[in-house]
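> Heads up: the sequence lines are chains A and B, in that order.
According to my numbering, the first sequence is numbered sequentially starting from 11.
According to my numbering, the second sequence is numbered sequentially starting from 65.
I should point out that these hints are in silico values taken from the structure, not numbers from a laboratory.
Virtual Cβ for every residue (Gly too), placed ideally from N, Cα, C.
Keep in mind that a hint or two might mislead.
[As the list claims (entries may be wrong)] To be clear about the criterion: a stretch of chain A counts as covered by chain B if any three or more of its residues have a C-beta under 8 Å from a C-beta of chain B, and this derived list gives those stretches:
1) 22-30
2) 116-125
[Said to hold, decoys possible] Simulated crosslink set (DSS-like; lysine-lysine; CA at most 25 Å straight-line):
3) B:K120 to B:K160
4) A:K67 to A:K81
5) A:K67 to B:K121
6) B:K160 to A:K81
7) B:K134 to B:K120
8) B:K134 to B:K121
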Amino acid sequence: NAGVTQTPKFQVLKTGQSMTLQCAQDMNHNSMYWYRQDPGMGLRLIYYSASEGTTDKGEVPNGYNVSRLNKREFSLRLESAAPSQTSVYFCASTRSVAGYGETQYFGPGTRLLVL
Amino acid sequence: TQLLEQSPQFLSIQEGENLTVYCNSSSVFSSLQWYRQEPGEGPVLLVTVVTGGEVKKLKRLTFQFGDARKDSSLHITAAQPGDTGLYLCAGEDDYKLSFGAGTTVTVRA
Numbered sequence: 011n012a013g014v015t016q017t018p019k020f021q022v023l024k025t026g027q028s029m030t031l032q033c034a035q036d037m038n039h040n041s042m043y044w045y046r047q048d049p050g051m052g053l054r055l056i057y058y059s060a061s062e063g064t065t066d067k068g069e070v071p072n073g074y075n076v077s078r079l080n081k082r083e084f085s086l087r088l089e090s091a092a093p094s095q096t097s098v099y100f101c102a103s104t105r106s107v108a109g110y111g112e113t114q115y116f117g118p119g120t121r122l123l124v125l
Numbered sequence: 065t066q067l068l069e070q071s072p073q074f075l076s077i078q079e080g081e082n083l084t085v086y087c088n089s090s091s092v093f094s095s096l097q098w099y100r101q102e103p104g105e106g107p108v109l110l111v112t113v114v115t116g117g118e119v120k121k122l123k124r125l126t127f128q129f130g131d132a133r134k135d136s137s138l139h140i141t142a143a144q145p146g147d148t149g150l151y152l153c154a155g156e157d158d159y160k161l162s163f164g165a166g167t168t169v170t171v172r173a
């Protein structure tokens, strides 16, 4: 099993360009998450999908959209990139949101630089 | 808003020394998780604590959840260079995780 995979690993964009970050998991998990990680800020939740067909905003959703394409895939789209979106983006999945202490499995991250 | 405060932010110690990392909040959490992250990789779960006052041991790592379920600590005994990494605590509330900013631990050989 590959676990959680993310593409691309690294991307450079110009301000105003758009792009989609892809995430897929092969663990048959129901819930998926997108985080961004900035120095001194920890991981902040952008959007999450509790189950196929549902998505909800997290702590920092502005400037982003998501699509839960199917149970395996959860994409994050930047419609008009801004320098403030320079960050490392992590996708994660859990078996379920129901219950305490569900383990989150993280992908390797996408490093995004917006010039 | 950072719900979870971690201290210290950075910690550099010699191999064989002990260290403690703290995670504090004014909020009560259903559970609290500790992750370790190495450069260029995603966080990996170390432990989950659920019950107030709970203590869990993972080899040389000891995790404690406060009685009020608002704070936690991670203690490493006889640290080794392989313990180097970013340690993150995360509190679970309403089926989502809120992360602390992390503690960067460097263990010098």
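> Against this structure, judge whether each hint is valid.
Tested hints:
{"no.": "1", "hint": "22-30", "verdict": "violated (count 0)"}
{"no.": "2", "hint": "116-125", "verdict": "holds (count 4)"}
{"no.": "3", "hint": "B:K120 to B:K160", "verdict": "holds (22 Å)"}
{"no.": "4", "hint": "A:K67 to A:K81", "verdict": "holds (18 Å)"}
{"no.": "5", "hint": "A:K67 to B:K121", "verdict": "violated (35 Å)"}
{"no.": "6", "hint": "B:K160 to A:K81", "verdict": "holds (19 Å)"}
{"no.": "7", "hint": "B:K134 to B:K120", "verdict": "holds (16 Å)"}
{"no.": "8", "hint": "B:K134 to B:K121", "verdict": "holds (19 Å)"}
Of the numbered hints given earlier, the model fails hints 1 and 5; all others are met.
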